[in-house]
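Trainee: Chain by chain, the residues run as shown.
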Amino acid sequence: MIEVQGLTKHYGPTRSLQDVTFSVAEGEVLGFLGPNGAGKSTTMKILVGLARATSGTARIGGFDVQTENSRMRSILGYLPESAPLYGDMTVDGFLRFMAGLRGLGHRDAKREAERTTAAVNLQKERTRLLRNLSKGTRQRAAIAQALLGDPKVLILDEPTVGLDPAQINDVRELIRGMRGRRTVILSTHILSEVELTCSRVAIINAGRVIASGTRDELIGAQSTSLFVAVRGEGAKLSAAVAEVLGVTVEVKPQDGLVTARVRPCPSEADRARLARALVAADLSLVELRAEHASLEDVFLSAIGNRREDTAA
Amino acid sequence: MTTFLSQTRLVFFREFRALLATPLYYVLTGIFFLLTSMIYLVMLLEFVRGDAGSTVNVTESVVRPMFHGVHFFLMVQIPLLTMRVFAEDRSSGMLDLLQTTPARDWALVMGKFLGTLAGILLYIALTALFPLLTAAMGTVEWPVIIGSLAALVLGSAAYIAVGIFFSAVTEAQVVAAVLSYVALFVIFFASYFADGFQSVAMKQAVDHFAVMEHISSILSGNIAAMNVVYFIALGSIFLFLTARLLESRRWSN
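Line by line, the protein sequences give chains Y and L. Its first residue numbered 23, the first sequence is counted upward by one per residue in this note's numbering. Its first residue numbered 25, the second sequence is counted upward by one per residue in this note's numbering.
None of these hints come from the bench; they were simulated from the model. Computed from a prediction, not measured in an experiment: that's the story for all the values here. Treat the hints with caution; some may be incorrect.
[What the hints assert, rightly or not] If you only want the chain L side, here are some residues facing chain Y, beta carbon under 10 Å, derived:
| id | residue |
| --- | --- |
| 1 | T27 |
| 2 | L34 |
| 3 | F37 |
| 4 | A42 |
| 5 | A45 |
| 6 | D113 |
| 7 | G117 |
| 8 | M118 |
| 9 | D120 |
| 10 | L122 |
| 11 | Q123 |
| 12 | T125 |
| 13 | P126 |
| 14 | A127 |
| 15 | L132 |
| 16 | R274 |
[Said to hold, decoys possible] Across the chosen pairs, the derived CB separations fall in these ranges:
| id | chain 1 | residue 1 | chain 2 | residue 2 | range |
| --- | --- | --- | --- | --- | --- |
| 17 | L | T26 | Y | G49 | 29 to 35 Å |
| 18 | Y | G202 | L | L29 | 35 to 41 Å |
| 19 | L | L44 | Y | K132 | 22 to 28 Å |
| 20 | L | I55 | Y | L218 | 52 to 58 Å |
| 21 | Y | T36 | L | A196 | 20 to 26 Å |
C-beta atoms are modelled at their ideal positions from N, C-alpha and C, and glycine is treated no differently.
Turn these sequences into a full structure, and let the hints steer you where they fit.
Mentor: Structure, rendered in structure tokens:
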């Protein structure tokens, strides 16, 4: 549904995006993850047709975002980062106005305004002026605006900024509920948001996509490890590990214990054999733990690698 | 086409309501009405005293000078009303949102233009009260008055188009107003700059470009096609430039 190929964007001598490539299949929710200033908003702006790439192409629903922009906009719902609204309009008036601009007739616009206010739980505030509402409530009205006309593709730039924890949970539930029904790109720098709502992740840093895939794929690509802590001699620990797993490990003293970390994490059967070998070697086994990388580890590792590359 | 008209209508009502919700609109309306009343009263008193001469009628002596004053007030006030039209949307990010809907840029431009023009038409309608008042006291030349009102509408529409263009140029409303004043000043007094040209053809061309020549002519009752075409062309050029400017945001960012 969304195909981005080799997007590069220069602002004068500054290269904001470099060869950004990713795709989003129909019904997928892609988390576009990156630190502040990584190039997320620039990519979003190019996708919605508010900026032009220096080179590369982007297609949404088969429409080129630059040359077939007006047709592309008919299937797009967009929430900009600043979540703009007309403060002098009521929630209902604003949604009906925006629905009309999306080409909906009077009745359809009224129906869509009702449906989207219900979707973001704003029914009680429908007749209130937007400028008199809290930031979180205005943010929800802005999200409702993006849902008008049931667009096939949704691009949400930092949708939970300014919301309280309960509202954040509601919005995440809403986005999660779109999986399989709409194609969504969710731009954020909040890791938990991606973990809870997205079916796939693309990590961008310094204008480049440095990792992409499902959460499990990304975490799987990151090496897992086995942590072992015993009370006893370090030499016995390393000998047992070498005998059972056939690898050499570095043994470290830690809080009166002797510890070692084995990468990658061996199978469950090997772990059981290792436990028996340690006990047989007259070591007191204190801890034997398989450690799995989190998305945060993947993210920090990817950014760290990139920073090291850049520095080199 | 139907969708375009429907989107233009939506933006028109939104803009008109936004204008009426702006306190500045009422402040300017008050000042406008006060100044127009003062001019009218001064001219009327002069006419009653007979200072205006015996050969001219009340339309020539009172109503027409008042319309010249009204035209000046409109030129001063319109940039203050148009400065927010696009600049506010640009700074709030609303313009980004509007431009990602299927609405065409022309629908946004025309809707905002017509919405602002509707607000100014209320101003001009206020000035029609004075000829009505005069008619109650004596005979007025209605064709001349209607022509003058039409001239004010035409001139205002052109000045609004100029103001809206500069409002789309910048996010800063004050800068938009200042640029509009400079542009209107140059267009109004272009004939003064014409003297600087050696070529007669160039002088004539610049003379034709000047608002002053056309508005003086049209407010004097000379509703020639040339004058009408001039204001329509001036407004159309700036509306076209505004639409192009909005479109350029898509490829220049």
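Trainee: Just to be careful: measuring from the Cβ of L34(L) to every Cβ in chain Y, is the smallest value less than 10 Å?
Mentor: This hint holds: L34(L) lies near chain Y, its Cβ roughly 4 Å from the closest one there, short of 10 Å.
Trainee: Taking 10 Å as the limit, does the beta-carbon of T125(L) come near enough to a beta-carbon in chain Y?
Mentor: 4 Å, holds
Trainee: Regarding the hint that L132(L) lies at the interface with chain Y, is the smallest CB-CB distance below 10 Å?
Mentor: Interface hint status for L132(L): holds (9 Å vs cutoff 10 Å).
Trainee: A range of 22 to 28 Å was offered for this pair. Does it hold for the Cβ distance of L44(L) and K132(Y)?
Mentor: 23 Å, holds
Trainee: Please check whether A42(L) passes as an interface residue: C-beta within 10 Å of a C-beta belonging to chain Y.
Mentor: 6 Å, holds
Trainee: Does the nearest C-beta of chain Y fall within a distance shorter than 10 Å of the C-beta of Q123(L)?
Mentor: 7 Å, holds
Trainee: With a cut-off of 10 Å, does the beta carbon of R274(L) approach a beta carbon of chain Y closely enough for the hint to hold?
Mentor: Since chain Y brings a Cβ to about 6 Å from R274(L), closer than 10 Å, the hint holds.
Trainee: State, for the Cβ atoms of T36(Y) and A196(L), whether the hinted interval 20 to 26 Å holds or is violated.
Mentor: Taking Cβ atoms as reference, T36(Y) and A196(L) lie about 24 Å apart, which means the hint holds.
Trainee: Does L122(L) meet its interface restraint, that is, does its C-beta lie within less than 10 Å of any C-beta in chain Y?
Mentor: Since the shortest Cβ distance to chain Y is 7 Å, the answer is holds.
Trainee: Has the hinted range 29 to 35 Å been met by the Cβ atoms of T26(L) and G49(Y)?
Mentor: Distance hint for T26(L), G49(Y) holds at roughly 33 Å.
Trainee: Just to be careful: measuring from the Cβ of T27(L) to every Cβ in chain Y, is the smallest value less than 10 Å?
Mentor: Result: holds, 5 Å to nearest chain Y Cβ.
Trainee: How about P126(L): closest beta carbon in chain Y under 10 Å, or not?
Mentor: Since chain Y brings a Cβ to about 5 Å from P126(L), closer than 10 Å, the hint holds.
Hint check: no violations occur; every hint is consistent with the structure.
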